[in-house]
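Student: Spelled out, the chains give:
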Amino acid sequence: DAGVIQSPRHEVTEMGQEVTLRCKPISGHNSLFWYRQTMMRGLELLIYFNNNVPIDDSGMPEDRFSAKMPNASFSTLKIQPSEPRDSAVYFCASSFWGVPAGETQYFGPGTRLLVL
Amino acid sequence: RKEVEQDPGPFNVPEGATVAFNCTYSNSASQSFFWYRQDCRKEPKLLMSVYSSGNEDGRFTAQLNRASQYISLLIRDSKLSDSATYLCVVNIRGYQKVTFGTGTKLQVIP
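So the protein sequences, as listed, match chains A and B.
The numbering of the first sequence is our numbering, which starts it at 1 and goes up by one.
The numbering of the second sequence is our numbering, which starts it at 1 and goes up by one.
In short, the hints are calculated from the structure, not lab data.
Treat the hints with care, since some could be wrong.
Among the chain A residues that face chain B by a calculated CB cut under 8 Å, a handful are [claimed, not checked]: (1) ILE5; (2) PHE74; (3) PHE107; (4) GLY108; (5) PRO109; (6) GLY110; (7) LEU114.
Just so we're clear, the structure is a prediction, and the values are computed from it rather than from any experiment.
Note that beta-carbon positions come from the ideal geometry of N, C-alpha and C, so glycine has one too.
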């Protein structure tokens, strides 16, 4: 059974460019999470969807970041315009019931983003 | 004060040693607790959940101390393959989010 799928695995772009990260959660999972990980700040939750609806986006750093989940099998995280400080590993994770149940989250392999 | 705090380490221990990590949390309404393991340049993966009564899985033992607001992870007979970063995760009752600690790095030395 396939796990969480993320693309691209690596992205190098120049400051000011638009970046789109993609995620396919595990089939049947109802919740999807986007995280950002840096050495300085660790793993930070950016946004959390339940049944395709954004529940908590308080971690989204600023208006340059946006996330969508048009259906149960696909989500995007977009950064426009990108800045060097956005360089990080971005993880997508999914779980069956979601946060209130305190369920296990399954992480994708991550997208390593470098903004020059 | 951070919601979840961990000693970043690194903890350098010889093979066969016993090592323990703690993770403190600030919100007494915290409800669910987990330990995740993250290998270098890989994604985090669930290691074990932490129950009120404590739980054990082979060489790994997790415990919860609600009075002092911390969880612990004990690894016995350390193996080289245990080298990784261990993240504690806390879910606060009534809040729809989980909080990850910044992780404790373990290096098991031959």
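Student: To test your reading of the hints: which numbers does this structure violate?
Tutor: 1, 2, 7
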